[in-house]
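Here the protein sequences come in this chain order: L and W.
Counting from 38, one number per residue, gives the positions in the first sequence under the numbering used here.
Counting from 38, one number per residue, gives the positions in the second sequence under the numbering used here.
Just so you know, the hints here were simulated from the structure itself, not pulled from any lab data.
Some clues are possibly wrong.
Taking lysine-lysine and the DSBU-like style, the derived pairs with C-alpha atoms no more than 30 Å apart in a straight line are [stated by the list, open to error]:
1) K127/L with K446/L
2) K634/W with K533/L
3) K594/W with K533/L
4) K533/L with K566/W
5) K566/W with K594/L
6) K533/W with K643/L
7) K533/L with K643/W
8) K43/W with K566/L
9) K515/L with K502/W
10) K566/W with K515/W
11) K634/L with K63/W
12) K512/W with K643/L
13) K566/L with K634/L
14) K643/L with K452/L
15) K515/L with K643/L
16) K43/W with K641/L
17) K63/W with K183/W
18) K533/W with K641/L
Label-pair ranges, simulated between beta-carbon atoms [claimed, not checked]:
19) W621/L with K641/W: 16 to 26 Å
20) R377/W with D582/L: 15 to 25 Å
21) W621/L with G458/W: 41 to 51 Å
22) E571/L with K641/W: 50 to 60 Å
23) L407/L with E184/W: 26 to 36 Å
24) G98/W with E622/L: 54 to 64 Å
25) V482/L with P584/W: 23 to 33 Å
26) R383/W with G48/L: 34 to 44 Å
27) R377/W with E622/L: 16 to 26 Å
28) R654/W with D582/L: 30 to 40 Å
Every value quoted in this text rests on a predicted model; they were computed, and no experiment measured them.
Backbone N, C-alpha and C define an ideal beta-carbon position, used for all residues, glycine too.
2 protein chains.
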Amino acid sequence: MVTQLKRFLVGEPIATEHQHNERLSKVTALAVFSSDALSSVAYATEAILAVLLLAGSVALGLSLPIAVGIALLLMVVAFSYRQTIRAYPKGGGGYIVARENLGDTPGLVAAGALLIDYVLTVAVSISAGVAAITSLAGNWGYPGLKEYAVELALFFILLVSLANLRGVKESGAIFAVPTYAFILGMLAMISYGLVSDWIFGSTPVTHAHAPEIPLTGEAVGLWLVLRAFAAGCTALTGIEAISDGVPAFRQPESKNASATLTWMVGVLTLMFLGITWLAHAHNAVPNEFTHETVVSQIARSVFGDGSIYFFIQIATALILVLAANTAYADFPRLASFLSRDRFLPRQFSSRGDRLVFSNGILALGVFSALLVIFFQANEIALLPLYAVGVFISFTLSQSGMVRRHLRIKEEGWRKGIAINGLGAFLTAVVMVVLAVTKFTHGAWVVLLLIPLLVLMFRAIHAHYKNVSEQLSLEKACKPAPLRRHTAVVLVSGMHKGVLPALRYAQAIASDNVTAVYVNLDPDVTVRFKERWQEWCCGVPLVVLDSPYRSLLSPLLKFIDEYDRRYSDDVLTVVLPEFVPAHWWEHLLHNQTGLLIKTALLFRKGKVVTSVPYHLER
Amino acid sequence: MVTQLKRFLVGEPIATEHQHNERLSKVTALAVFSSDALSSVAYATEAILAVLLLAGSVALGLSLPIAVGIALLLMVVAFSYRQTIRAYPKGGGGYIVARENLGDTPGLVAAGALLIDYVLTVAVSISAGVAAITSLAGNWGYPGLKEYAVELALFFILLVSLANLRGVKESGAIFAVPTYAFILGMLAMISYGLVSDWIFGSTPVTHAHAPEIPLTGEAVGLWLVLRAFAAGCTALTGIEAISDGVPAFRQPESKNASATLTWMVGVLTLMFLGITWLAHAHNAVPNEFTHETVVSQIARSVFGDGSIYFFIQIATALILVLAANTAYADFPRLASFLSRDRFLPRQFSSRGDRLVFSNGILALGVFSALLVIFFQANEIALLPLYAVGVFISFTLSQSGMVRRHLRIKEEGWRKGIAINGLGAFLTAVVMVVLAVTKFTHGAWVVLLLIPLLVLMFRAIHAHYKNVSEQLSLEKACKPAPLRRHTAVVLVSGMHKGVLPALRYAQAIASDNVTAVYVNLDPDVTVRFKERWQEWCCGVPLVVLDSPYRSLLSPLLKFIDEYDRRYSDDVLTVVLPEFVPAHWWEHLLHNQTGLLIKTALLFRKGKVVTSVPYHLER
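Okay, chain L solo, but in the shape it has when bound (with noise of 0.2 Å):
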């Protein structure tokens, strides 16, 4: 039945032969991997508003010089890793540059924030299209869907959870229609918008109730423009996603994928730009009451609330639940690696019926539905978590590349280091910018989350070390052949059950088998003896006396004396074990047996033995 459920959901089970990579176009490759930096853009924007409004409204204008820092930045940032897709052809995560180049606790440093981060990213991306969906049916009269914000996010959640353990294909048109959709929609918004308010002047945005604004609030001052700075900073999360991906290009890969990247920073950068220049003409700030996103009231203030505004909403949702899909082939893969490596339990490395890392895909949707469910899907109020890993990883990886130009000296390694080293002080003055002003809000849980993730990762690593050790055949040396078998029966009554076990005893021990029995009852033992006279095929029985009426520690002290007798033999434990015909009967049985072999597991030099004795009906 539970087989069944599971063929319904996530289908038949795929061959491991019909494992391949497709090799993507650069116009698919941007689809598929921008889908995660290029949907920030939905929410980018809105957090530094949040942030600013608490200056109230006099601050709002600085969001214009912010953007453009911001810019600057990803522009900086994107050409660095242009030079880690020069240096890694088969893929370079943080995990990997870090470990390669900088050591261990780096890359496991760098590992233990991009697991966060993705994590946040499906918590970010599917509260932020919710968002945009309630936004839509608000306007379109159905102001009541916000209430239902955490359901819709769960059910995504389900929705790509379950997409992913059948294994979507990366395949460029599933990915290609929502993120062209989105990109033209958002640059239709912004060219109409910005000529149009050139013609006929901009008019702000109305609200079904009114955002509360302070008139007076927190000073504007180098903490604010910071806070908003860091708010805005979520921009750049995903843009290492191609740097990850270059072996799914066309050949030659690394070019390709370079190109690919500037397209993708350039498109980002005039999406941002235009989103918060349009944001501020037309007066959008995020609003408590409505809950409405700053996207949703650019786009209905610059086409109305007709069918454009819906087209736009609904690829807005669309490419962030895509977003949220990134993080499904991420996670998975970077759990893999660090499994592989022995870092993460055996289990995230296995691929599952459908050929995907099947573990991987679970733990991230619980942990991103717990997120979900304890945020209530307000993806604001995530931001804070977000993005202080990604500049962890960002830092991390580009200093990697620096060391690496150090190591390999390879031909252009001075320009390399000065690119390199521009991103990674950058991006590590942004971490700190972003771990301080973010701390209070939130960050706090990332920073000290990533060391006891380390903590985690080395014990596993350890463990695994150590039983390999132990295992080794290095220094082993061939057993002697076992000298004498001896067999203890456990017997609870005398039935049909028990003579199949009493016959393989003897058949395994010929003469040293011994039956015991625990006397609960002695009215009840008195009667098992006459009977066992009668059957016992001549093996002789030991009956136990137990004051408490427990059975476990009278047979475990008897199976302890008894073992001690010969050093020279192995003892198996026999337990006649009758197994009813239907899975559900086991219930209405004592599960003594069951006990009786967890409590002998732990003891050496016995082993045990269930001899089934199974009931036809």
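Let chain L serve as the given structure and place chain W on it in line with the hints.
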């Protein structure tokens, strides 16, 4: 660690030889067996008033004649139960009397009804006890305590459950003090109340927040009177306790038990009528705002809210907790009877460390806690479910007695038939009244659950009968010794843990040993084969292909085919299993071994053996 926690909570194990039965004097027996019955006056009057209130204050006066009717019924039932006590000196609960005289199904119906009622006894009594405490707190300046009613009730259930898991001796002293304190308090309140009312006239209760009394409401008619009567019948719950516990009395058991029953019913009737009279005289009514109990209102009105009031409230709370405690003796005992007769899983008839039926106690605790949570510790809301089961058991038990008189025709059997016949008839009528009037208020749940429970009892019985028939040695013949032994060793890689398994397999099956390996990764397989040649000790190796990366299905297929080779052998599947030094490290290793064992358990003719290799650290 788990063991230590258990020791701390429930104490050291007690040896079987310490099992003993204390014989109780009449005075102590009254305390031990009557807490359930006597404590019901704490809510029975309130239950009547809660129904009458629906018709406005005009109907409240009907409480007196209704209470008199219930008192008469009480006496008839008590008189009827004296017959049961005489006929069953070893204890005659509803299940035993009905099953012995009317057959299995009526017995099981009585058992199902009683099990449900025991759970309700705990939920109702604990909730009412908490209401006594929160009423006290409300009048002593802590009205906020009623917000924590559910938490308090769950705490008491936990406390009583733990006390019973430790094994409370039914020693008189613990029971005598609160029971006699309660009787003393109630009788003092009633006599002082009546006398002072007679001398000074009665004054209505003052309320912190006046209760809502509809001016006109439902029509005062037969339906309302019947519903109020049904509500008051909760006063009869628990009076069967003495007939269950006859063997605990001093000799002559039956005579002493009968006398105690008469005393108990006398005190109960007196208290019930007195409280109902005073409630009417002082205008005490259920108050949905303050949640103050009617008894608390009366006590406060009679004595003021000083120390005597405090004493009465605490005594009420204590006797209600004791009443819940009674169910903790009854439920596990009845469950053990049912389990002994194979109508419930065996686990209910095994005594735990502390000589108590631990599983019954745990089941009762869990179910009553769920009820308390679901009904938010509101005993008045729980009452419509209560008492229906009791009256079903009364009717079946009294009918059983009639049948017994007809069958045995002992001395005075005609008188016996008259008494039990009247009892059976009256309780049957009340049962119908209860079922009809309370049906839509919750009794339908009970009336649905009882047949479901009976079906479950029967299914369990059929299963156990089935198993014992199949395991019977009646027509069994001694099995021939095993002629041939084959062994298959499942190998996942070449390491130290494999060597003991190979050696073991060779010891039990000498030359008939085959090793099996599943090829999941061709490169790994090649390396494995090389190392195998070096270490295999001459055991032939079979490598299985697995196109879907599943370990299980190719293994199972191979084992089935391999087993078919010989018909006169037994096949042992040997699993090398390495045991980590710490139990939690199990999580870091694939659970494949467990899966294989489970899958093989349901396949006939295979014996599965794990040969452990213990890691040192």
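Looking back at the hints listed earlier, which ones does the structure fail to meet?
4, 5, 8, 9, 10, 11, 12, 14, 17, 22, 25
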